[in-house]
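Peer 1: Each chain is listed here by its residues.
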Amino acid sequence: MGLGILYDSTLCIGCRECEKACAARWKLPYNDNIAAEEQISAHKLTAIQTRGEHFTRRLCMHCNEPACASVCPVSALHKTALGPVVYDETRCIGCRYCMLACPFQVPTYEWGSRTPRVRKCDGCYDRRKAGQPTACVEACPTGASSCGDRNALIDEARRRLAEKPDQYYHRIYGIEEAGGTSVLYLSAVPFEQLAMKVGLPKEPLPQLTWRALSLVPDVVSTGSVLLGGIWWITHRREKVAAAERREKEGKQ
Amino acid sequence: MADTARTISFPTSISDVRRLPFWMPVFWVLMGLGAYASYLRLFQGLGAVTNLSDRFPWGLWIGFDVLCGVGLAAGGFTLVAAVHIFNLERYKPILRPAILTAFLGYVLVVVALMFDLGRPDRIWHPLVMWNPHSVMFEVAWCVMLYTTVLALEFVPAVCERFGWKSPLNVLRTISLPVVILGVILSTLHQSSLGSLYLIVPEKLYPLWYTPLMPVLFYISAICVGLAMTIFESWHSSREFGRYIELPLLAGMARLLAVLLSTYVTLRLVDLYERGGLGLVLVPRTETYLWLLEMGLLIAPALLLFSFRVRHNPSALYACALMVIFGFIANRLNVSVTGMEAGLGVHYVPKWTEIAVTLAVVALGFAIFRFAARHLPVFEEGKTP
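Sequences listed follow chains A and B, in order.
Taking my numbering, the leading residue of the first sequence gets 1, the next gets one more, and so forth.
Taking my numbering, the leading residue of the second sequence gets 1001, the next gets one more, and so forth.
No lab work stands behind these hints: they were computed from the structure.
A couple of the hints might just be wrong.
[To be verified] Calculated pairs, DSSO-like style, for lysine-lysine (alpha carbon to alpha carbon, straight line, at most 27 Å):
1) Lys202(A) / Lys1203(B)
2) Lys197(A) / Lys1203(B)
3) Lys79(A) / Lys1203(B)
No experiment lies behind these values; they were computed from the predicted model shown.
Model the full structure from these sequences, guided by the hints.
Peer 2: Quick look at the structure:
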């Protein structure tokens, strides 16, 4: 499934170096006020969040089968073979269906702009193509964020769980959420205590739509034949009635 | 507008004198507010004129203008199917007003969409940039093609008005494929508006979320299409001093009763099958809104089975109104109120959102009135 990111909340010290590096890469302003906004937005594509004595980090989850890409009417979003889900702003019409569909509510919008764009983490696609780690991982001083092949990251996460069982809540977030994501989480406490969405369907969300959408050709073919047939029958009945009337009149 | 202005100076009937002085200022106030809101939308962006946010990306314009607009225009394809496919000739007198409503409805949906899209200048992108896995892509194509079909279905009225014979003959030869195409396209996108929400199982409140949404959206669209036709006939009979086609409307109302009760039964059985019936007892906003919506649909479903209700213009009108409001409640519940808890936001539209919506609706009424006065929309000899 390509490259991924592992975020280990137990190692995070909340220094926000990842935020700073992310802002620098996107050429977005970064200062104390922005650091204090613990939400992702059009000007902050990753955010450290404080939950009691724990930290968590928000960023695009880069789903294996992303809902955002499946709903986009103009294919402005797509899952790359490398792993990241990327956005082409020249295609986007601004319908914001991706924002509604994303199970993690990740895509954000430039509400104040006259030519607004959707904004979200692109997994540092250009850096990954060049074989470099993401900007946030490179900046992380404690190894709380690491990146690499998704399967290798899952093995690494399992190793940490087995090594220090008393320090972790025994689940890896992202293995099966919404069909699996490229970003994986480890935590000391249950994920709902980090205000993360739990109980998401294990099935990739696009399949829910596809089940209905794949019926379209059937509706078109069966529907046309059916309607044409009904038309033929109802109008033929009329013709037959007229012919019979004429016949009767002829006899009289 | 020149037409309505003329009507003020030369009132043609007593009812005009009584009604117009009230409606005209209201209309122009709505147009003024709408124009100002449009100016703000154009120059300051979506953030300045809506209460939408990253966590609540779709509001009144999608919930009402688009979802309700398309549904309320469903009378067009229902009546076209009845008259041209099922050969129910007796419904012909109310066919054209239904086509006109549908055509105006779709044009206004596109107008509203131009307000809602972040980049309205790129509304044509789905034509060349495809994603067949997207419901929105399918809806975009259907709405575009079906608006064209509706234009073709309404053009004969314009041709008749100006006495153009040759286009009429061309249209007559392609009429059957056009009619079938129109019904198919409507079936597809009316149901697909429900499919739009299949992707949000964890956000839409379970009283509304069901894999059956496409089917439910389709049936309810036909219901509200019939109700809108009754609503229009009733109003145009008063407005233009026409007789009301009561036997026709009563016939439609009987079909409406059957469809509505099918719809309501389907929803209740589906809720039961999904184990959600207990939710009806949970005291929270969603429950009350669901009860309101279901009440507005169940009452006419039962009432319209009565012969006396169907043949009493006022009762029939009241039932049609209930269906229309029940339908609007359903679409707003799916798109706005049923999503609030899941998205973690309380959304109330900004005044500018409401102003644009009201202006679009008022414009629809005004254009309908204008067209009905100047084109052969209602039956020959019965136009004012």
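Peer 1: Honestly, which of those hints from before does the structure not fit?
Peer 2: none
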